[in-house]
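> If you follow the hints, you should be able to join the two separate chains into one complex; please do so.
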Amino acid sequence: MDQKSFEALYDRWAEALYRFALGLAGHEDIAKDIVQETFIKVAKNQDFFKKAREEQSYLFKTVRNALLDRSRKDSSWKKRGERWGNDMGLIAPVENPDKHEFATWLERALAELPEEQRSVAILHLWEGMTFAEIGKVCKISGNTAASRYRYALDKMRDQLRPLYEEIKS
Amino acid sequence: MKIEHPDDPLPEHIKEIERRSLPDDFRQSLMNELFHETSKTVVSGPWWVPPQWLGFGVAACWGLIFSLQLMTPKDQAALALQKLDLNAVPSFSLQQQELFAALDINYR
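Top line first, the protein sequences correspond to chains C and L.
Take 1 as the starting number for the first sequence in our numbering and just add one per residue.
Take 1 as the starting number for the second sequence in our numbering and just add one per residue.
Among the hints, erroneous ones may be present.
What the hints assert, rightly or not - Straight-line distance between alpha carbons at most 30 Å, and here's what the computed DSS-like set of lysine-lysine pairs gives:
1) Lys155/C x Lys15/L
2) Lys15/L x Lys139/C
3) Lys32/C x Lys50/C
4) Lys15/L x Lys61/C
If you're looking for bench data, these hints aren't it; they were derived computationally from the structure.
Next up, chain L with everything else stripped away, as it sits in the complex (with noise of 0.2 Å):
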């Protein structure tokens, strides 16, 4: 495929023409970037080690819920109601009879 006229000194003249070229310092900077900063600050153990901030994040988690229970004021009503016998109140033990009747069981 032949484009350039043998005669048309132009594609010449334009190929001398020399262009500018990238800084000196681009080279150092992009490798730095990729190769040198990179594993400055990114310390990785192997794959299956958790990174560090996840364990302070889930200690810090519990940290939380146990203190929050320790400082959630005890409900006296609820304490009272834990020991409770179900079986003193009338209307639960009758209707549990019942229950056990209808089913045919030997209770006690």
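Excised from the complex, chain C in its bound form (with noise of 0.2 Å):
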């Protein structure tokens, strides 16, 4: 792949895949380290653009696998990223107090979600993608990630409650 092709490539992906490796790992080295792992794969695969068709499930897809080999080999890791409380850095830095203590809870309740509903809440809400599109990367039926989607998002009303009444009212 020539430079020009790969940094175009890179500049329509990086940040949506580091975000979702950000959301996924907790963890702002591990998520880098996989964001590079993945463009480096994608460099050294010279048949990159002739098999991958759909760019946008292939790159999200290795990104989710690369995070899910990691999570295996290293258990501390995986505890950490997922622990009530812990500061995933997931979010940016907020001025507005009310804003940011919505960021604080919700930075809690997505930790608090099982993996595989996490990806598909992150992938709905801030990559925009379908529950087809979703089911792709997380190898699921669109149906599967749809209830995954609602069951995150009654997870996070749950633990989101008391902001949740006064942003409602």
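In structure tokens, the structure reads:
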């Protein structure tokens, strides 16, 4: 792959992949490592553009698989990432105190979700992916992705209950 | 497939929350690693030209073989054996004559 095509690919996807990785890993360095590994893998694959017709699902799937591999190998990281109240570093600094509080609670609520629900929630809410597209990333059907999203939203609503009542009114 | 309740403000609130970005230097370091640093360190010729280290390795091996050959002391007994006429050894000569006779070959 030539540098120009690679840079264009990077500019299209790097931020989204990093945020997805950060949302799953809850750790900045791990997220950066995974994104770097993914792009190096793509750069070494001469046939990437021929084989990967759907680059979006290919890239997100690669990131997710790399994270799952790493969590299987390093159980201490998994526990650290999923611990309640852990600062995942997912949310950008917020000046507005109300928003800041909501962001903090949201981060904790996300950290409480099991990986399969968190993946779906992040991809649908922030990346705007359809459930069919998410299904390709997570190797599940669109319907399963939709139900996981619903479970994730219900759990987050419970976690954010005190704030949810405020934003609802 | 409608999942979100139209009155539920939660998804919209979540979408508004801004997430962290990649550090500024990340892109540059990745590009350097992939396209610049490797091209500086790996200077390779056409595929049929062996790498330089292989040439040095082969030359060093041959040098070692020659130096061992020169340094090995010559065995006097081995040198004497090389010069020896086997026909002059009675037992060998006898065996040879018997062999030729058995094969019915005119020898000398």
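> Of the numbered hints stated earlier in the document, which are not met by this structure?
none
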